[in-house]
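Trainee: Please arrange chain E on chain Y, whose structure you already have, making use of the hints.
2 protein chains.
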Amino acid sequence: MGLECPKAVVLVSGGLDSATTMAFAQSQGFLCYALSIDYGQRHISELLFAKALCARLKSVEHKVIKIDLTQLGGSSLTDLSQKIPTGEAIGIPSTYVPARNTIMLSVALGWAEVLRARDVFIGANAVDYSGYPDCRPEYIKAYENLANLATKSGVEGSAFRIHAPLVDLKKSEIIKLGHKLGVDFSQTVSCYQAEPSGAACGACDSCRIRKEGFSVAGVEDPTVYI
Amino acid sequence: MGLECPKAVVLVSGGLDSATTMAFAQSQGFLCYALSIDYGQRHISELLFAKALCARLKSVEHKVIKIDLTQLGGSSLTDLSQKIPTGEAIGIPSTYVPARNTIMLSVALGWAEVLRARDVFIGANAVDYSGYPDCRPEYIKAYENLANLATKSGVEGSAFRIHAPLVDLKKSEIIKLGHKLGVDFSQTVSCYQAEPSGAACGACDSCRIRKEGFSVAGVEDPTVYI
Numbered sequence: 001m002g003l004e005c006p007k008a009v010v011l012v013s014g015g016l017d018s019a020t021t022m023a024f025a026q027s028q029g030f031l032c033y034a035l036s037i038d039y040g041q042r043h044i045s046e047l048l049f050a051k052a053l054c055a056r057l058k059s060v061e062h063k064v065i066k067i068d069l070t071q072l073g074g075s076s077l078t079d080l081s082q083k084i085p086t087g088e089a090i091g092i093p094s095t096y097v098p099a100r101n102t103i104m105l106s107v108a109l110g111w112a113e114v115l116r117a118r119d120v121f122i123g124a125n126a127v128d129y130s131g132y133p134d135c136r137p138e139y140i141k142a143y144e145n146l147a148n149l150a151t152k153s154g155v156e157g158s159a160f161r162i163h164a165p166l167v168d169l170k171k172s173e174i175i176k177l178g179h180k181l182g183v184d185f186s187q188t189v190s191c192y193q194a195e196p197s198g199a200a201c202g203a204c205d206s207c208r209i210r211k212e213g214f215s216v217a218g219v220e221d222p223t224v225y226i
Numbered sequence: 001m002g003l004e005c006p007k008a009v010v011l012v013s014g015g016l017d018s019a020t021t022m023a024f025a026q027s028q029g030f031l032c033y034a035l036s037i038d039y040g041q042r043h044i045s046e047l048l049f050a051k052a053l054c055a056r057l058k059s060v061e062h063k064v065i066k067i068d069l070t071q072l073g074g075s076s077l078t079d080l081s082q083k084i085p086t087g088e089a090i091g092i093p094s095t096y097v098p099a100r101n102t103i104m105l106s107v108a109l110g111w112a113e114v115l116r117a118r119d120v121f122i123g124a125n126a127v128d129y130s131g132y133p134d135c136r137p138e139y140i141k142a143y144e145n146l147a148n149l150a151t152k153s154g155v156e157g158s159a160f161r162i163h164a165p166l167v168d169l170k171k172s173e174i175i176k177l178g179h180k181l182g183v184d185f186s187q188t189v190s191c192y193q194a195e196p197s198g199a200a201c202g203a204c205d206s207c208r209i210r211k212e213g214f215s216v217a218g219v220e221d222p223t224v225y226i
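If you read the protein sequences in the order shown, they are chains Y and E.
Going by this note's numbering, 97 is the number at position 97 of the first sequence; the sequence numbering is gapless.
Going by this note's numbering, 4 is the number at position 4 of the second sequence; the sequence numbering is gapless.
So that you can see chain Y by itself, here it is in the shape it has in the complex:
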């Protein structure tokens, strides 16, 4: 890629969605600056997979910013005394982390402004997902609006774009897209309580959605289960 490629900040978690999002951003000609947030998630193997992903896809840089959300509590994903629910949830499940995407996008926005990048990518998805409010298209739109009021670059007229290329796709469609882009799904982890090796429980919401996605897409599922 040449020097004229635009820069983008890409939020990466080490999961299937963010791996596909980063591969997609690259396919669109963006130079990717990857950002992971270490917020105290119990599936810390995510961050190891994020690091390996950035090395494989050759991101220009990969920053990990620590924000201890366990201090706030309120989620089974950050509170080890709570159990991760299995089976289909009614309403928004306990794995929801209050304001997580808003916090992550805000750090991404800050970095984008420093880099003079106008594009931020997030792998949010509102079809086959856990029902989190901060994954919906109307949320992404509202964030983009905020970003342009919040920043020096926005005020000076260089508009920010928040890209959520997966937001309207089914899990099976995301898997097909990632497959086409050459994403190595064996090196992604989606499970809410994955082992340090990345081995998945196979029972949580995230595992259930992922497993079904591979089956519907007709793509071989390389996930290692416990």
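Hint data in this document are derived by calculation from the structure and do not stem from the laboratory.
Each hint should be verified, as a subset may be incorrect.
The list cannot tell twin chains apart, which means a pair is met if one copy fits it or any two copies do.
[Unchecked claim] Once the Cα atoms are required to be at most 35 Å apart in a straight line, the calculated DSBU-like pairs of lysine-lysine come out as: (1) 141 - 83; (2) 152 - 141; (3) 51 - 211; (4) 176 - 141; (5) 152 - 83; (6) 211 - 152.
This structure is a prediction, so every number in the text was calculated from the model and none was measured.
Mentor: The following block gives chain E in isolation, referenced to the frame of chain Y:
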């Protein structure tokens, strides 16, 4: 205050504006949960003054969340190799920290959701200020809109309110309001490069605005200068 008082998360920095904001929130009957962000600001005495403020005003709780924004750079407030500008700035000055208020409000929003509080207070001000984009009323409004799309509580119909009670006030009016509410200004620090004791440089933008505010308000200025 009784058990029925509503809860509010209040962002406190240890400065004059956030001290007045917290005193104002209390005067409106809110139980205050104070939140400070340790983002790597060079004027770390802020956080000591914030702690003392919360003790004096008897906040229900005071959390300090660490987010290392020095990793992102781009501001003379977090980059010790840059000099703090003095005198009147043209445009948005180098003390602007990219996306700072957006990041701080996002953590406040997360905590508010956990507490089942619907109110968040921030001491942003768009009159006598440094021209930061994320201090303007239209920014606050856009954040409130986002907050209601971002959260479980918002989706379930219990609307969030982002209060910026100082947003339209002149510095002298803020000082008069704080004075009326009994704020001890000698225990607040505004200087961008305050000494650990809180002693102010008297030359930076923040010192200049504060000094003039006291003079116009006709309130005795208790600030200790270096």
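Trainee: Where does the structure disagree with the numbered hints, that is, which hint numbers, in rising order?
Mentor: Violated: none.
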